[in-house]
Each structure stands twice: as structure tokens, then as C-alpha cells.
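Undergrad: Could you build all of it, start to finish, from the sequences and the hints given here?
Protein chains in written order, with the working numbering: chain U, 1 to 273; chain X, 1 to 524; chain R, 1 to 282.
Read the hints as simulated data drawn from the structure, not as lab findings.
Each computed EDC-like pair below joins lysine to aspartate or glutamate, with the alpha-carbon atoms no more than 20 Å apart:
#1 U:71 - X:418
#2 R:171 - R:259
#3 U:234 - X:65
#4 U:159 - X:65
#5 U:71 - X:346
#6 U:181 - U:213
#7 U:113 - R:117
#8 R:210 - R:199
#9 U:26 - X:460
#10 U:162 - X:65
#11 U:76 - X:499
#12 U:250 - U:219
#13 U:162 - X:460
#14 U:113 - R:115
#15 U:71 - X:499
#16 U:181 - R:117
#17 U:234 - X:67
#18 U:148 - U:134
#19 U:76 - X:346
#20 R:74 - X:518
#21 U:68 - X:346
#22 R:171 - R:253
Counterexamples of contact, computed for chain U against chain X with all Cβ distances above 12 Å:
#23 146
#24 173
#25 265
For glycine and all other residues, C-beta sits at the position ideal for the given N, C-alpha and C.
For reference, the chains in residue letters:
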Amino acid sequence: MSSKSVVALLGSATLAFYSSMAFSSKYNFPEPQSSIAQDIYDQHILALWICLAIFIGVFGVMFYSIVKHRKSVGYKAANFHHSTLVEIVWTTIPLLILVAMAYPATKTVIAMKDTSEADITIKATGYQWMWGYDYLQGEGEGISFYSKLSTPLAQVANKEPKGENYLLEVDNNMVVPVGKKIRVITTANDVLHAWWVPAFGVKQDAIPGFIRDVWFTAERPGIFRGQCAELCGKDHGFMPIVVEVLEQEKYAQWVADKQKASAAVVTTAAVGN
Amino acid sequence: MAVVQDVHGHHDHHPSGIMRWVTTTNHKDIGTMYLWFSFAMFLVGGFLAMGIRAELFMPGIQILEPELFNSFTTLHGLIMVFGAIMPAFVGLANWQVPMMIGAPDMAFARMNNWSFWLLPVAGALLISSFFVPGGAAAGGWTFYPPLSAQGGLGVDMMIFAIHILGASSIMGAINIITTILNMRAPGMTLMKMPMFVWTWLITAYLLVLVMPVLAGTVTMLLTDRHFGTSFFNAAGGGDPVLFQHVFWFFGHPEVYIMILPAFGVVSEIIPTFSRKPLFGYSSMVYATASIAILSCVVWAHHMFTAGMPAVGQLFFMYATMLIAVPTGVKVFNWTATMWRGSMTFETPMLFSIGFVFLFVIGGFSGVVCAIVPIDIQVQDTYYVIAHFHYVLVSGALFAIFAAVYYWLPKWAGRMYDEKLGKMHFWLSMIFFNVAFFVQHFLGLAGMPRRIPDYSLQFADFNMISSIGAFGFGLTQLLFLYIVIKCIRSGEKATDKPWEGGSTLEWTLPSPAPYHSFETPPVIK
Amino acid sequence: MSQGTGHYYVPSPSKWPIVGSSALFFLGFGAAFTMNKIPAGYYMLAIGFAILIYMLFGWFGDVARESENGHYGKLEDKSFRWGMSWFIFSEVMFFAAFFGALYYMRVLSVPWLADAEHDLLWPNFAGGWPTAGPGITEQFTPMGAWGLPAFNTFLLLTSGVTVTLAHWALKQNRREALKMWLLATIALGVLFLGCQIYEYSHAYSDLNLKMSSGAYGSTFFMLTGFHGFHVTLGATMLTVIYFRCAAGHFKPEHHFGFEGVAWYWHFVDVVWLGLFIFVYLL
Ligand code: HEA
Ligand code: HEA
Ligand code: CUA
Ligand SMILES: [Cu+2]
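TA: What follows is the structure, encoded as C-alpha cells:
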């Protein structure tokens, strides 16, 4: 009974592991859009290969033994139960492998923490349940708006067909220029949230009363989507993050438009008084 | 009355009917109650999981409103961890530890009873909180504040449930430690103890170390909620992240509390069915101890996205990765035990091999999580869900199944149905992987955990996962049937049904007598 | 370690555990309801406490009787020692959680909240200790160390000595001295509690120091409060021991009940020293 099915299982598991690397995005991280995200992607692939190799090594031996050293084929048990040499070897080798995995990771961690000399600083504030963005420094300084899920409730309640970006669309995108170092300061108004955009390899909890920061530099224009990644109550699943990366000129245009609009708001308010 | 006249303390007079179970001081009765309680909680927790998977079967909100969904997730986690897995292992310890060390009973037999009877109280608090105004706690099984400061009565009921569970665990752990240290048969030195006993000794130490910290944590949460303190509130100089530190100081050792006894079980079963002694016994002991010690200094790997200084992240990353080394030693030792053995593959052995196979996958995904940059991506996604179901379901739970099949003949005096047992194994194995393997992909592709609804790109894997989960759930009813069938009408078991069994319990009759070792056996 | 001989005393079936569990059933639900202002909660709490006290009397009564009837030999004695040691260890860890919180707030979170980066959120917060935190404006005066707290330290340290004198007396079978020193210990404990109650009312009425006084108030009341609770427990246990002594229990060579309580009392003592240093002095 079991030997064939076990081998088949091993085979399919291996295949699944392998295929997870062959196909992209649906099985793996989204395509990296920043150098940090690229590092993460590569380290993950490296870790996967290492694990796969160890897996095949260990279970190759085990399943060989399962097939050959069974009572039903008349195999008689040996009686060894100890070998200091072997123990030392299989303690040391994993240690070395781990060092090999930790080394690149250490470099990335240090790079991730370096939020100095940013071109633009944006504060992202988590609310139950939306994000608030305040452009604190750099081009666009002073811009400030909320960003809320724009998917109609009817889609969630299955009363309307779901659109392409179901649950990943907002009324006001956060907009940044391409190729600039963006520092995002996170904080929150009520409970914990987390600001997460997978394509940039950025995820940072937003903690009420405290400040945290992260950075990224987008390499290409485009629209990149993420979600709140810390349970924040009822609508935790419904507060996406959308970052729109624009060419420099278009970004300048966007800033100008925004500032005009907010000036208009201020004037009308003044007139209203 | 309760005053005892019996000088020897050994007699078979006990009340009958329900009062036998309510008042018992017998480790076997108590072990049995633990195991049944744990199975009942497994059904409740499983029911909640089925609710989760049903809601996630398709995009859109179908059956669980978001708040209720969060309660389902929260209580699923709490009930499975505290109600199903931990009591099951304590139940196994109650049955097996006295028998395996040649003791008459547990050291504190009356307190042992209390440890058990606290559990239904806590279970009642948790389950009934679904029906109070405001509903059950919905802040995740980790109940991070400030979110958990927002809930209503349900959160307080959870807090007191945790207090009571903690008291139960601490008493249980003290009992086990004392039994093992003080009641071994003559000649049973520490380094001759069966591995299961060793792993439980170390687990019990972890329990007395961390359960009180959990009690302190929920107490601070309680006073923050009702008495105006500011432990987790920045306005008062506290910090929500402080909660995470104290919680995970408990929480990480907790996950090893759920896996070390599983290691012990597997270390008993593999040698038995390989008909060969355990390879590297003493390195197994040292590895277990190293895992326990290391587990106390890795907690912040659950907090890599909370934001801490780089040195902190690096320290916790290195320490966490280091745990792979002693765990690897265990896996290699098991492999070496099987190597050139004379193996047979009865159900306990199948579950043990399944355990090693799938636990290693879960361990690998753990190491992937431990690497800070990667964890930044996968934290709070389904990748983590996949990781810990591999170590908890196909780890802890599979080991519990293995243990039950292994020792059922001794407990019930009857054999289970081998064919059905194998079927239980293979169905569990297949459905488990269908349910949880795809969750790795979901997580990598960016599906956050604890959400009742998701974007369309995750639809097909979620459907596959749900189908696997339903299949896995139904399969567990088969287990119930097998156990009942065994107890009622299984074939009579011999004293030593497994040819390779070498521990003390196999020298006792099957079923084991009410008092195991009236006079201690002598171990050479 | 392993024991050579015979029998270990296994008590026969007992109703006390289930009585205790029903007490906790009422206490658990009662406390949760009370905190949410549901009237039934108060009754449940009362019932719970009543059952708990009944259970404690019954259970410890059984243990005392078993002990006096000679059911507990060397082996059982050793079990009690292991059991009590690990129980006290678990209590240490319980306090460790609160000391950890104190450390974290003083050394980490308060300075963080006061650093330049957090000017964005808390522009006027200077940090320092003691503090109520950046968002709580109500002022308070911290508790000084050299008044009542120092006297309390003296009381508890002395009580550590008296309980040891009682122990010596017991070992030498001087029963009158035993009872006297025990009484002295209990009196010191009760006096300590009295001072602490006074100190609390002083804090609330004169210093405006409350549980809601931010980081300082939270840690101050949590640590001293749980300590006081443990002193109460210890004093109660000492009282029970006193009555057992008065009833002629315990022998010079066999008196773990006494020793266990003495250990507990020393533990409460040591925790106080930690408190005195980290909460009051520094
Ligand atoms: C039984 C329970 C159990 C066990 C045993 C483990 C084991 C491990 N876990 Fe897991 N973990 C959980 C239960 C468990 N975990 C739970 C419940 C959570 C989520 C909690 C929540 O947020 O709700 C979690 C989350 C979790 C996280 C946080 C993820 C996140 O939220 O972002 C991390 C990160 O480091 C982690 C790491 C590890 C590691 C490194 C191990 C290691 O111990 C694994 C070691 C084993 C092996 C590595 C395999 C065998 C070894 C070899 C064959 C040797 C050679 C190997 C190499 C050289 C790599 N776990
Ligand atoms: C400790 C052990 C443990 C165990 C055994 C399980 C078992 C299962 N878990 Fe869970 N799980 C956790 C611990 C555990 N889990 C934890 C700690 C969390 C985190 C919670 C949090 O985020 O706060 C979690 C979260 C979690 C999630 C994520 C929820 C979310 O983020 O929103 C999911 C989703 O798929 C899930 C699924 C399952 C399934 C399908 C099973 C199955 O294995 C269950 C199978 C068992 C049964 C089904 C019961 C028996 C059968 C019946 C009762 C008959 C009825 C059957 C049918 C109707 C088919 N679990
Ligand atoms: Cu905001 Cu989750
Ligand atoms: Cu962990």
C-alpha cells in the first residue's frame, strides 16, 4: 500500500515547491518594484531552494529506509543507537546553512532601516477604517487628504458583479514621483493598523501615539495596491492602500492641482464666513 | 466523608456514576476526562474553522458579518490552543507519565482533579460569550490592545477564561514536575526516562515560566479597560507594543508547549515500530532543553513589523533561526532511528511519519518567517496561517492522533480498527494538504489574514482551501467513530500489542488496572 | 532521587475540586458581569466568594487531618516541597510581568514619547520619571520613599526574622515561643497592611496619585496592590498555621505546612524589597 502513494506524495509536494518558483505572482511575491522588494524576493527564492534541498536530502533517506527497511520485506533491525561524530556533523551543517541565509538578510535589514535623506516625507495615519495622508516635507508639502475604500457596498453584498480591483480601490490614491526616496511615517488614530504595499517590500504597523517610519523608492510608474495588515476591527479587510507612482512632470502637475484645489477650499471657506 | 482512613491510600472504592468522574483522584480517570474534553473543544473550534472557511469559500460576504467573522477567528484560535491541543497533551501526560515512570498516581491527585474541572468553567466562559450583548471577543487570539480595549463583555469573559486556564495549566504543570522528579520507580534515573516523560518535564517548566506572565498580561489589559491604568496607552506613557512583548514572551514558548510533547510522542512511536532503539537519546534530551531555552528569547519575531531598532530585529532573527538546529537534530535522529530498522506501518506509525514530514514543511516556513526582510512581506498574511497550521495541525494534532492510536489498546484493553485507522490517516493527510498548502501561495501573493472578504485574484485558492478544510473536518468524525467502536467492540488487546514496545506501560495488563504500580517496578 | 520503598498516599475521591470549580464559575462570570455593570454580577461574586471560602476550609481541613493522621511520609513531604517551590516560582513570574512593564515604560516608552521624532505627536512632552505620560494633564505628587514606605520595609523585614524565630522554636519544640513569634509575625503583617491602606488613601486624597495617573500611577498601584494582596494571603495562611499550632499540630521533625507558609512569607518579603527599590527609591 503505502510506499507508492508516499513516493507519489513526495513527488507532488516537490513539484509544488518547485512550481511555486516557476510561475510568478499568483504563487509568489508580486513583481518587485524597489530594490528592497527585489532583495526580499531573491532571499525568499534562496531560502526556498535551500529548504527544498534539505527536504529532499532528509526525506530521500527516510523514504529509502521506509521502502527498504521494512519488516514486510524481511528486513532485520540493526541495533545501533548512537554516534557522536554523526551528531556533530548534523548540528554543524545546518548552522552553516543558517549563517548563509542570515548574512544577506542582515544587510537588507540595515538598508531597510535607513530612512535618512528622504526626498519626500508623507505621514500615513490609520483610522477605523481608512487612511489619512499628510505630505510633510518635500515636493507637495502641505497636501493632506483621506483615502477610503471606493468599492460599492453592493459588490460586497453580492448584489452587483465585482469589479476588477474589488476591495483594492480607493477614492484618493497616495501619489508619489518615480525614482525619489519616499519616507512614510506611520501612526494611528485609534487602534493598530499596518501600512503595507507588497510591491515595494514595505510593511509597517501604525501605532496610536507612536511614530514609525519606512522608506521606498519606486522604480517604475504604475499603480500599486496593498492592504491594512493588522487586525483593526470590523472593517479591517476593507481599508486598502493604493500608491500611484507618476513620472516627475506628472507628479508636479498633480501637486499643483491638489494645491489649487485646497486653496479653493480655503477661499470658499473664507467666503462662507 | 472526604477524610481518608485508608493507610495505604490504595483501594478501588470509588463512587459510581457521574460522581466517580466529578470526585475522582485517579490519574487515568482524569486523563480520560481531559482527552474527551479536548476532543469536544476540537469539534467546537473546528466548527468555527468551518464557519471561517465557508465564508472564505467565495469573495463577498455570504454568511458571517465582518464582526462575527472576527469573533469566529478569535475564538477558533483560543479554543484550539487552550481547549483542544493543550488539554489533549495534559490528558496524555496524566495517563502515561505515572505508567511510564512506574508510579502509582500523580503526586497531587486531588489538585489534579481540580486542574481538569477548571477547564469546563473556562470553556463555558469562552463559548457563552458568543451569546452576550456585544458578542465574543473579536481582536484575534492575540487580543492586541487598543483594539481589545474596545470590545464589550465578551472580552472580559475571555480575560477571566484565560485567568482560569492559566491557573489550571500551572497546577497541572506543577503536578507533572513533582510527579516526574519525585515518583520515579527505583533505578529509573533521569537519563533512563522515556522521551515522552522528558519532553513533558521540560514542557511543564515552560508552563510555570510563562503562564503567570500571561496572567499578568491579561490583568494589565483588564485594568486598562476598567480601572484607568495606562499600560498600553501612549497618552499615559504606556505603549501598545508593550502588550505585544509580554504577550509573546508567553506566546512563543506557548507554541513549543504545544509541540514538545508531540516530539515526545513521536520519539516513543518511531522506535517501537522500527523495532530499534531511539537514535541519539541523550542528544534528544539536550535538543529538547535547548529548544525550550531558546524559545524564551525569540518572542519578538512576531513583532518584526511593529518597528524596533535594527539590532533588536537582528538579535531576534538570529535567535529564532538558531532553533532550527536542535529541531533539526530531532528530525535527523528520527530518520536515523528508522534507518535499518524493521519497520511496520500501523496507524500510530503512519501518523508519526506524517508528523515528521509535514512538521518539517511547517518548520521550514517558520525559518522563512524568521528572516526579517521576508517576514516584512509575509507577516499577517496567509503564509503565516499556513506555517502554523503545518506545525499545529499536522504537528501537534497529528501527534495526538498518533498517541491515541498507540496507547488506546492499553487504555481500553481493545484494539482499534486498523483499516479505518489507516483510512483516517490517509484522508487527513490528503485533505490537510489541500486545505493548507495553497495558503502559502495566498500569503505570498498578498492575502492578509483575519479578513472576511478578499480581492478576486485570491478566489480559486481560497475555494480549494475551503474544500480541503471541509474534507479534513468530516474526516475527523471518522476518528470519533473509530474510538467509540474500539471502546465498545474492539478485539481484546494483549498486554503488549506492539512488538517493539519497550516502556513500562507495556508490562501492565491491558486495560491498565485502576492503580498502575501498587509496588514500584525495579528498573535495571 | 528515586525512592526505594512502597506506598505513596493517594487521597480518595474528593468533592473539593468541583466545589472550587463552581466557585470560580461564579467568580468568573460574576467579575465579568460586574465590570460591565450588570447587576447579577454582584450576587454572583458574593456567591462565588462564599463557595470559595467553604472550599478552602474544607480542602485544607482535609489536608491538615491527613497530615496529622500520619498519611504523609518522606515521599509526600518531598512532593509538597517541590510543589510549593514551583508555585512560588510561578508567583515570581507573575510579578516579573509587572516589573517588566515598569522597566519598559521607564526605560523605553516614556523616553521614546519624549524624543524629537515624537514632537510631531506630543510637542510638549519632556519625559522623565515620574510621569503621567504625554496625554494626561492632571498633576500628581509621587510617593516618597523615606516616610511610610521605609517603615513598611522595616516591618516586613522584621516579620521575616520573627517567622524564622518561630521556625526555630518549632524545631526545638518550644511551643509557647512558637506561638508568640507567629503572632508577632501576623501582627507585623497586619500592621503593614494598615500602613498600606493609609498610604493609598493619602495618595488619593493628598497627592492626587491614582490608578489613572498614567505610567507612574499604573505601575505604582499595580505592583504595590498585588503585593498587598499577597501579604493578605500570606497573613491569612499564617493565621491558619497559628490555629493549627494552637491545636497542637506539627512536630519538630515534620511540619511542612508551617515551612511552606514561611517560604511564602519570605517570598512576599523579597518582592517588597524589589518594590521598595524600583518603585519607591529609584
Ligand atoms: C507548534 C507550534 C509552532 C512551532 C513548533 C513553530 C516553530 C517555528 N516558528 Fe512559528 N508560529 C506558530 C506556531 C509554531 N511555530 C504560531 C501559532 C504562529 C502565529 C501566531 C499568530 O500570529 O497568531 C507562528 C508564527 C511564527 C512567526 C511570526 C510570523 C509572523 O507573524 O510574521 C515566526 C517568525 O519568525 C515563526 C518562526 C518559527 C520558527 C523559526 C520555528 C522553528 O521552531 C521551526 C524549526 C524546524 C525546522 C526548521 C524543521 C526541521 C529542521 C531541519 C530539517 C534542520 C535543517 C533546517 C535548516 C537549516 C533550515 N513562527
Ligand atoms: C491550535 C490548533 C489549531 C487547529 C487544530 C486548527 C485547525 C483548523 N484551522 Fe485554525 N487557527 C489556529 C489554530 C488552529 N487551527 C490559530 C491559533 C489561528 C489564528 C487565530 C487568529 O488569527 O487570531 C487559526 C486561524 C485559522 C484561519 C485564519 C482565519 C483568519 O485569519 O481569519 C483559518 C482559515 O482557513 C483556519 C482554518 C483551520 C481549519 C480548517 C482547521 C481544521 O484543522 C479543523 C478541523 C476540525 C473540524 C472541522 C472539527 C471536526 C468536525 C466537525 C465538527 C464536523 C462538522 C464538519 C463539517 C461541517 C465539514 N484557522
Ligand atoms: Cu486597519 Cu486593519
Ligand atoms: Cu514564535
